[in-house]
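Protein chains in written order, with the numbering used here: chain A, 1 to 306; chain B, 1001 to 1533.
Honestly, the hints are just simulated from the structure, not real lab data. No residue lacks a Cβ here, since even glycine has one placed at the ideal position from N, Cα and C. Some hints here could point you the wrong way.
As the list claims (entries may be wrong) - Which bits of chain A does chain B cover? Going by a derived footprint, with three or more residues having C-beta under 8 Å, they are:
1) 122-132
2) 145-156
3) 186-197
4) 244-251
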Amino acid sequence: MRISRREFFRDAGLAAGIALVGRSVLAADEAVWPYAPYKTADVIICEGTNYKTLLSRAFDKLGGLKKFVKSGDTVLVKPNIAWDRPPEYGATTNPFVVAAVVELCLGAGAGEVKVYDNPCDNCRRTYDSSGIADAARDAGAKVSYVDTALGKTVQIPNGVSVKKAEVYADVLATDVIINVPIAKDHSLSRLTLGMKNLLGILVENRGRWHQRIDQKLVDLAQAVTPTLTVIDATRIMTANGPSGGDLSYVKRLDKLIVAQDVTAAEAYATTLFGLAPTDLGVVKEARRRGFGTADLERMNVSKLTA
Amino acid sequence: MPPGAWKWLRRLSQVVFFAVACVLVAVTTYPLRPGVPYDVIARFSPLLAVSATAASRAFIAAFWPALIVVALTLLVGRAFCGWVCPVGTLVDAGDFVIAKATRRRRRESETPRHRRWRILLLVGVLVFAAFGIQLAGWFDPLSLFPRTLAASIIPYVAMALDKVTAAAYRVPAWEGTAAALRQRFVAENVALFGGHILVTATLAVLILLGLARRRFYCRYVCPTGALLAVVGWGSPFGRRVVGVECAECKRCRDACRMGAIGGCGETTAQAECTLCMDCLSACRRGAVSFGFGRTRPADNPTTWAPAISRRDFFIAAGASLAAAPAVLATDGRVQRDLFLVRPPGAGEETDFLARCVRCGECIKVCLTQGLVPTHFEAGLTGLWTPRLLPRKGYCEYRCTLCTQVCPTDALRPLTEAQKKKEVIGLALLDRTRCLPWAKNEDCNVCEEMCPTAPKAIESRGRGRLKPHVIADRCVGCGICEYACPVEGPAAIVVVGDRDRVYVAGGRAGGRRYRGGAGVNKEPNRLELFGGKA
Chain A
1 MRISRREFFR DAGLAAGIAL VGRSVLAADE AVWPYAPYKT ADVIICEGTN YKTLLSRAFD
61 KLGGLKKFVK SGDTVLVKPN IAWDRPPEYG ATTNPFVVAA VVELCLGAGA GEVKVYDNPC
121 DNCRRTYDSS GIADAARDAG AKVSYVDTAL GKTVQIPNGV SVKKAEVYAD VLATDVIINV
181 PIAKDHSLSR LTLGMKNLLG ILVENRGRWH QRIDQKLVDL AQAVTPTLTV IDATRIMTAN
241 GPSGGDLSYV KRLDKLIVAQ DVTAAEAYAT TLFGLAPTDL GVVKEARRRG FGTADLERMN
301 VSKLTA
Chain B
1001 MPPGAWKWLR RLSQVVFFAV ACVLVAVTTY PLRPGVPYDV IARFSPLLAV SATAASRAFI
1061 AAFWPALIVV ALTLLVGRAF CGWVCPVGTL VDAGDFVIAK ATRRRRRESE TPRHRRWRIL
1121 LLVGVLVFAA FGIQLAGWFD PLSLFPRTLA ASIIPYVAMA LDKVTAAAYR VPAWEGTAAA
1181 LRQRFVAENV ALFGGHILVT ATLAVLILLG LARRRFYCRY VCPTGALLAV VGWGSPFGRR
1241 VVGVECAECK RCRDACRMGA IGGCGETTAQ AECTLCMDCL SACRRGAVSF GFGRTRPADN
1301 PTTWAPAISR RDFFIAAGAS LAAAPAVLAT DGRVQRDLFL VRPPGAGEET DFLARCVRCG
1361 ECIKVCLTQG LVPTHFEAGL TGLWTPRLLP RKGYCEYRCT LCTQVCPTDA LRPLTEAQKK
1421 KEVIGLALLD RTRCLPWAKN EDCNVCEEMC PTAPKAIESR GRGRLKPHVI ADRCVGCGIC
1481 EYACPVEGPA AIVVVGDRDR VYVAGGRAGG RRYRGGAGVN KEPNRLELFG GKA
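Chain A extracted, bound-state conformation:
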């Protein structure tokens, strides 16, 4: 097939035009996303067992917890309480880490600190087995079950894969969300870290969230962005995730990763498993959209020990 010079210029011009218009449409979309993309991210790696001191100093490096938690604020500390396993199996967040975060929030002047998760196993057992209910309650938090009758639809107009989510209404009423996931292996998304942990605020059937899970996780994180993320890597589960079930899967690292940018925390945490950030679909997706900082070289990493 031959085309004339004239046809060639016409088609080429058309294609270029479409590309330009398309680009600007995409750019317009990005402009209304409900977050400001981070240019660089401060990521603080804490090492040690004195969690409260470590976290206190880490928050100070981010400008002090008082910068995020205003006096009288309602704070949600969202750990992973998904599985009916004792804490040493690394399937749920370390209860001492949860307690430390709760105490620091109360110390920073929070009016109320709430702790809950919508688990996979039976909630009564997971709350007890994980040790989180007791530890958080002792630290002064209000521990409750997620009530699936109290859902509120959150519109995600810029969502790529989900346009709305049924979120526990209480989450939307809190002023500050501190995301405290545990770093562990996952059968579908390879690892489960910061953004996957946010699925616990949903009250709808989460089955459908497993198709194109990476896109959906970023969609949700954009709609309900945690104020701070503390990834618990005191123990990491290296295999048979997310439920684990054998101590041989668990590796003790005594590390905590603190960041304001959930993507950055998540991206850095992949290195604990000997992976690169882009090995994780959800980090790749966040990077593609410019949601947070996914590149290690653009992170401002500092280390603390205590």
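Put chain B on the given structure of chain A with help from the hints.
Coordinates of chain B only, in the frame set by chain A:
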């Protein structure tokens, strides 16, 4: 003590025992507290004791409380029926409401020959028990009561509570109360339950029988009452009428809810009297009294024995003897429903059926509410035994609650370590409906949920990961079926009977099960398990 006081004392006793029984069933829930005898209600029944012991060919020491009832009955007659039995109290309450509603003066004639029905039932239950078929729990009040609460009343109440509190959320003033109630009682999805209709219908029939006679169930149906009638017939304690005072006004006879008073009020059927003391206050001349040493037998010509005629006995025993082997040969224990998943600790099916008294305690305590009473999935004689419906509620991997509350150890008590190894079924993957297999979509929720270490469901494949079940790791807990996001029936289902499943490339008990399984002897189900290994 004035005569009327005894009646109130009896009512007080009834209310107390009824309340204790209700509370005991209601609190049979996570977390169980050590030392609380959650399963004690059924263990008070002498009939369940005899029947379970005979059917299972094992001495079940847990039934020692039944000896208390037997001793009490030997001493004072059927006080248990009138003062303690929660179903008796329920029937009394029903009769009271019926009397108020119908405004009928209840002057029923009593036909003693109809009392043979419950004895025929007793004979039948015992003969079947001798053949290893446990039927006592269907009729026994101390099984019926907890079962009805567990499988019918409490789920209804919970569902109502769920709906009402959810609605109350819309009223700002009630929000706090509603939230507190839901945190305490709801927390899980309680709106789904199964197997309840027949249990509820039985309760309704039981109460509505009061339209025909007061305490109809106790007079004509209850085989446990029949057993106690035999035991307590000769008890030294009973009703006495002082002849010179008696005006033969028949007030006591009409007042008797058991129809135990004959003649013009002067005779008593000792085997029927539940010592309710109604006649005491009905008598205006103080002619009635209760005490040790009964009236002279000569004054008691119609004290009918709790017996049946020789002819009836032989008919009942003969019919049961003929029926029991036939039932054994044809019933579900030979070919049970493939999808009948038993709770952990149930062990071998025949032994389980012989021991299970259908009290429903396991159904009550189940955290996920996946346990429901069967209809006929385990055969006719398996009615009201527990089964797991994984789509409704799975078996929590580390949970042993149901095995802790079984009165007869039909579910053997398991430690957490034993429970994790307890195999109750096998998950079969339906590749024609599974999202990764059939629609080439991501999913693998089943693998995510699988609690075993290492997981019994593994995703494999180049490109799209697809789930595979590894049979010898699967314990059949059903959390995969519960969580499967496919609409309607799950794309992964648990079968209870591993031996009847065949697996492409090897038996289910073999090293690998690749998902392309079919089901023996159930050709109509074959299409469910499409695909090839």
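Results for each hint:
{"no.": "1", "hint": "122-132", "in the structure": "holds (count 6)"}
{"no.": "2", "hint": "145-156", "in the structure": "holds (count 5)"}
{"no.": "3", "hint": "186-197", "in the structure": "holds (count 3)"}
{"no.": "4", "hint": "244-251", "in the structure": "holds (count 4)"}
Comparing the model with each earlier hint shows no violations; every hint is respected.
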